[in-house]
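Protein sequences appear in the order of chains R, U, L and G.
For the first sequence, our numbering gives the first residue as 150, with consecutive numbering after it.
For the second sequence, our numbering gives the first residue as 150, with consecutive numbering after it.
For the third sequence, our numbering gives the first residue as 12, with consecutive numbering after it.
For the fourth sequence, our numbering gives the first residue as 12, with consecutive numbering after it.
Don't read these hints as lab results, they were simulated from the structure.
Take the hints with a grain of salt, since some may be wrong.
[Claimed, not checked] With a straight-line cut-off of 27 Å between C-alpha atoms, the simulated DSSO-like cross-links for lysine-lysine are: (1) U:Lys474 <-> L:Lys175; (2) U:Lys474 <-> L:Lys184; (3) R:Lys156 <-> L:Lys361; (4) G:Lys208 <-> G:Lys55; (5) U:Lys279 <-> R:Lys156; (6) R:Lys474 <-> G:Lys175; (7) G:Lys184 <-> R:Lys474.
[Unchecked claim] Below, a sample of chain L positions facing chain U; criterion: calculated Cβ distance under 8 Å: (8) Lys61; (9) Ser284; (10) His348.
[Unchecked claim] Ranges of calculated distance between the beta carbons of each label pair, as one might list FRET restraints: (11) R:Asp407 <-> G:Glu268: 54 to 64 Å; (12) G:Ser311 <-> U:Arg503: 32 to 42 Å; (13) L:Glu316 <-> R:Arg179: 51 to 61 Å; (14) G:Glu224 <-> L:Gly336: 54 to 64 Å.
The beta carbon of each residue, even a glycine, is placed where N, CA and C say it ideally should be.
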Amino acid sequence: MERPIFKPIGSPVEELDTPTVIVDLDILERNISTVASFFKDRKAKLRPRVDLHGCPALAHMQLAASDTVGGVSVATLGQAEAFSGSGINDFSVRGVVVTPQKIARLCALARHAAVTVAVDNPSNVADLSKAAAAAGVQVKVVVAISTKPDRLGVEPGQSAVDLAKAVGDSAGLVFDGFMTIEEKLKVDDVSQLAAESRGWTQRAIDAREAAEAAGVSVNTVSVGGTYNYEIAGATDGVTEIPAGSYALMDAKYRGRRDGLEPAAKIMTTVTSFPEGDKIITDGGNKAVGMDRGNPISVEFPEAKIGLSAEHGNIGLKTPTQKRIKLGDKMWFTPWDMGVTANLYDYMNAVRGGRLEAVWDLPARGRYR
Amino acid sequence: MERPIFKPIGSPVEELDTPTVIVDLDILERNISTVASFFKDRKAKLRPRVDLHGCPALAHMQLAASDTVGGVSVATLGQAEAFSGSGINDFSVRGVVVTPQKIARLCALARHAAVTVAVDNPSNVADLSKAAAAAGVQVKVVVAISTKPDRLGVEPGQSAVDLAKAVGDSAGLVFDGFMTIEEKLKVDDVSQLAAESRGWTQRAIDAREAAEAAGVSVNTVSVGGTYNYEIAGATDGVTEIPAGSYALMDAKYRGRRDGLEPAAKIMTTVTSFPEGDKIITDGGNKAVGMDRGNPISVEFPEAKIGLSAEHGNIGLKTPTQKRIKLGDKMWFTPWDMGVTANLYDYMNAVRGGRLEAVWDLPARGRYR
Amino acid sequence: MDNYRPAVGTPIDQLDTPCLLIDMDALDNNYAVVAETYRDTVCKMRQHTKNIKSPRLANMQIQAGGTLNGVCTAKLSEAEVMVEGGIIDVLIPNQIVTRDKIARLAALNRLGDVKVTVDNADNIETISEVAVEQGVVIGVLIEVDTQMNRGGVRSPEHGVVLAKLAMSLPGVKFRGVMSHQSADGWPDADERMRLSKELIGICLEVKDAIEAEGIPVEMVSSGETFSYAAAAQILGVTEVEGGSYALMSNIYGYLDEFQVSNKVLGTIVSTPSPNIGIGDFGMKALSTAAAANATIEGISGVTIEEVQDEHIVLRSDGTEPFVVGQQFMLLPGYQDHMPNRWDQYIGVRKGVVEQVLDIPARGCHH
Amino acid sequence: MDNYRPAVGTPIDQLDTPCLLIDMDALDNNYAVVAETYRDTVCKMRQHTKNIKSPRLANMQIQAGGTLNGVCTAKLSEAEVMVEGGIIDVLIPNQIVTRDKIARLAALNRLGDVKVTVDNADNIETISEVAVEQGVVIGVLIEVDTQMNRGGVRSPEHGVVLAKLAMSLPGVKFRGVMSHQSADGWPDADERMRLSKELIGICLEVKDAIEAEGIPVEMVSSGETFSYAAAAQILGVTEVEGGSYALMSNIYGYLDEFQVSNKVLGTIVSTPSPNIGIGDFGMKALSTAAAANATIEGISGVTIEEVQDEHIVLRSDGTEPFVVGQQFMLLPGYQDHMPNRWDQYIGVRKGVVEQVLDIPARGCHH
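Could you build all of it, start to finish, from the sequences and the hints given here?
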């Protein structure tokens, strides 16, 4: 567990123990409102993807903004269980659930919440049905449509229709529609990524049309994310967008998504200043995260950032003229906040430079 | 932290590691429904008192039952903070908040949730007003009416009216009404206790009438609990009942409250059986709790229960004819489950003898 | 749980209350008394961690001296916390009976020497089976009932039967005998000695009977805080399981060489009349046992009128009128339950925070 | 956080995946290698706990031998966890600069000997001030940059200035010098020795310069897992800060006396084509560094095709077709990040759970 020095509510942010996550509430609220206003009066609705932060307080803020489906999207059953303990009661699991242990957990959760799970395999459908029927619960099932060959899901053609029918014929299961399980691509150009993703959306739409042509009615088509929510959300036949990054935002989207800017940053402390062009901080890879790309320094956005496990290294092109003292704070915007949030047990919610709330992240580390 | 041996969802309850809290979901749901049905279509509404369990999953079940005020009652700000992280957004704090540290926390919480706090002192009103106005938040304030002399609160006469007016005239504060902060009395006879409590209710009603006579409008009168909810809830002028014990129930109310029975029990294991009239278990005072009275043995309801810190001792009147083996399970109904829940980090929710969910208790130990 | 970690150096009057304090000077005193008492004795202290639930506090006594570098714990999960806390020699003076738990006990014996007490032949056999399966040897002591009327053999004969059984089985190693008794409430040291001798004598009879069969008895673990001085002088006792002396309780005040070091810091939040002050914590933070015989420090002339669930009602004799916002400290009647209800100790010395100590074995019921 | 504590004795194939395993036999082997290597050397191992974040694992090496009975930690809060874990001799080879944190470091020095490295005069002065305020003495070592380009003095002259300053101030005690360098990626032991000598030589130059001023240098803390054998043979080095060797990583596979003991157990949840298997964990549970150079055990002929956030895509060469529900294990390319992302290790031996080990220093960023 994190063991920070406690600072009272109302403390100036610079007095907080570092390294730590700081969430600017004003920016967060603007981000949430930007996305909420897009979905206003649309057919497609938002389903906040909350595994990107693991924080029930934040999930409830996202759900309270209008025009969501009323539930959240998670990556694992363990995350759903954690959020279920915090009053969220509608989950869509972006994955398949195949082992007996997990199927038992899924059915137990289905007593307390609406649960949707994906399938891509007929024998899994049989296993789910048997367990759900025995438990006396109903599980909503979507057929996963792969984004390309050799990825999770099935092709949108006959096999998708067959699976849909198999679900529909199974006791304890309710066929709900189709879902793509999209991996974020390393494409810096959001518009290029959006263009590429139209293909994924189209596969889900194709599946919908094939199913409907076969007389199977389709309630849900879930595709896309923060990177393309306006496109996917405006596409006929799409019903929900599992977007999550929009709330805390990532450096990777910085300046590339209108009305959204980074609300979460990591505050670190200068621990060594051995040379004029090199600032060492207490926030290394384990605290700032760089699985998907390097963070951006707020004070020195052009600097080369090196993160060893426990140290941050801000490499300046030329020695700085600023007076740098040990103890000064240096801020970083993580490249991918979803990766970084998973390193912490809590986040500091700050407004106007003062601590306003401390939010626990009970879904952190719930990989099971 | 508790360090139990993990058992999968679906496990038979007898296989769970002991000592541990077992909540029978069928009974819990009946209890919640019993109380909800009383409040249906009444003017007075339920405000579930959730400090008696510290469990957001359970709090959300209580709120989802119809006819509550939409918020919960807590004893401390720390409990409100914990539940706030789990999507509860309306709190009534059954106490006064006087120190600068706590007033800062109160105002920060008021940005994220509706918060009601009690006052019994004009200078506290001034402190709260100053802080709320500076923070730009609104705090709802009730005047605490004491249940008898020398207890928290003021007399229902002129001093209550003066305090109500002072609140009404204070920036940042909204006068909301009156509250009694009732201590559970050690009265085994519920009807006698109910009779005594009519006096307390009357004091709050008196305060309401005095305030209204002075032209101050009163929104809330909050009195009573599980022991008298039907009486208090049917009394003219009462608007909310902060009842909580009804959900998990206590041995002290066993058979004394229609439609309510103990949903939470402690399961322990026989560790020694040295004599035929004495069974030793692994659940002592630290695990079963006896601050307000002795627990009842489920298997041997007439037995004399002795709890040292770490051992339970079931003293039979005569040697039992049952075959008792080491490892057998012995169940206890705590006298006061509110005390016992505070000893645990989680509860096992069970249905039909099988584990269905594990609920975290994040508000446990939040005395601050 | 709470996670309150005020910065080192914070003055007490700036703490957000209530908090569970440790007066570090008083704790140092208590630890020094034990170190001194057992400096030259054969018998040593085996501190009971049920009262502290913190390996850091246990390690402090080991460093101060007087111990056999080991502890005893009430529960198996508490023993795990202590082994993780670097303490290898652990005795669980309690019965571990389910196969699940015995398997966990066996695993723990790969990292330390974690002994357990037994009073039942079936239990010894199960321990033996599981230990053999796991390839470890688990030390067992025969528990003897001398007064408490809970676990323990009731006769030397039964003790001999169990010791022989333990000697005959693989995977278990017979280590000795153990008893717990309560000689508290006896301010007179001579009377405590007499009572301790009488009760511990019952345990020593079992020892003698086992030795008469030619079985060596390495450990005799008897004696507690109230008999800590007496037990050390009873020939044959090898170790004393003292727990209360570290943080102390008012009810053991007759042991005036020890000081109460565990206190609850509170704030007066209401003064409905000049001589009544209402404090910001109650029974949930204390326990009935802590509340009974509790006293108040920090405001003069104050007694406890009532302990409610979440508040405490104090009465002043008028010496020092109550003021809303002022702090006070409660000294518990009986301290043992408090570390099972709190998540941190705030260690203070000379009025400021010296260290924040987690209570990792809080809730270790298993 | 997760709280998964399967019963001791549970077969691996009944575990709910993914889980972070420790192969206890492999761990025992790694600890025995270190115990043997340093059995008769002056230089001893000071295990780095950043790779394990568990005092239980650190205490196991101390019991196995080869160490100076102490550890080093990356962060102050990690040091607290180790002191609470019974380990008194701790070095923090990192800079602690804020007054809040220095006060906490000072408090920790009441319970242990917790040293810190410095590279800046202002920092030494602040440590001195706070230590004097608190009445403790804090050991300091001069950090020397030999290769890493982060903290550390850049010249013997600067080292001498700081050592003299530390000698002149109350509340601090100059203890020695420390450096970290990276000689990994050199499978050739001779080349590792050459490079280690060259880089650690930079640190020894600072030592020599300080000693030339008549200041004794007690500690020279240099060397890591990849130089553990070399550093022990470099005259003047008193201790080695090895971390990776305990749980090991594929990229250090050239140190073939050590075995990879830290593995992620997963399950195949989908087989979109016969030679593709999709596993139930991804980058969040691993880190880029763990994923790079990772290998798969448990299913033959398998390579890693892609590591997504929550899934891993495996490709089979056809030797053993994938089956939905089958388990596999991932051996990390670089292990260090994983204990910072998981809450428990599941210790397994011969296919069954032997113990569940908490990771209490997970998230100890402070």
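Status of each hint after checking the structure:
Annotation: proposed proximity of lysine 474 of chain U to lysine 175 of chain L holds, straight-line Cα distance about 22 Å (limit 27 Å). Of the pairs offered as hints, the one joining lysine 474 of chain U and lysine 184 of chain L holds, with about 24 Å between alpha carbons and a cut-off of 27 Å not exceeded. A C-alpha spacing of about 22 Å is found between lysine 156 of chain R and lysine 361 of chain L, which places the hinted pair at or below 27 Å, so the restraint holds. For the suggested pair lysine 208 of chain G and lysine 55 of chain G, the alpha carbons sit about 17 Å apart, so the restraint of at most 27 Å is met.
Restraint check for lysine 279 of chain U and lysine 156 of chain R: satisfied, since their Cα atoms lie roughly 22 Å apart, inside the 27 Å limit. With a C-alpha separation of about 22 Å, the suggested pairing of lysine 474 of chain R with lysine 175 of chain G holds against the 27 Å cut-off. Taking the CA atoms of lysine 184 of chain G and lysine 474 of chain R, the gap is near 24 Å; set against the 27 Å cutoff, the hint holds. Among the interface hints, the one on lysine 61 of chain L holds; its C-beta lies about 6 Å from the nearest C-beta in chain U, closer than the 8 Å criterion.
A hinted interface residue such as serine 284 of chain L counts as satisfied when its beta carbon comes closer than 8 Å to some beta carbon of chain U; here the least separation is about 6 Å, so the hint holds. Checking histidine 348 of chain L against chain U by beta carbon gives a least distance of about 6 Å; that is within 8 Å, so the hint holds. Checked against the given bound of 54 to 64 Å, the beta carbons of aspartate 407 of chain R and glutamate 268 of chain G, roughly 57 Å apart, stay inside it. Between serine 311 of chain G and arginine 503 of chain U the Cβ separation comes to about 38 Å, which falls inside the hinted range of 32 to 42 Å.
For the pair glutamate 316 of chain L and arginine 179 of chain R, the supplied restraint of 51 to 61 Å holds, since their beta-carbon distance comes to about 53 Å. At about 56 Å, the beta-carbon gap between glutamate 224 of chain G and glycine 336 of chain L stays in the expected band of 54 to 64 Å.
When the structure is compared with the earlier hints, no violation turns up for any of them.
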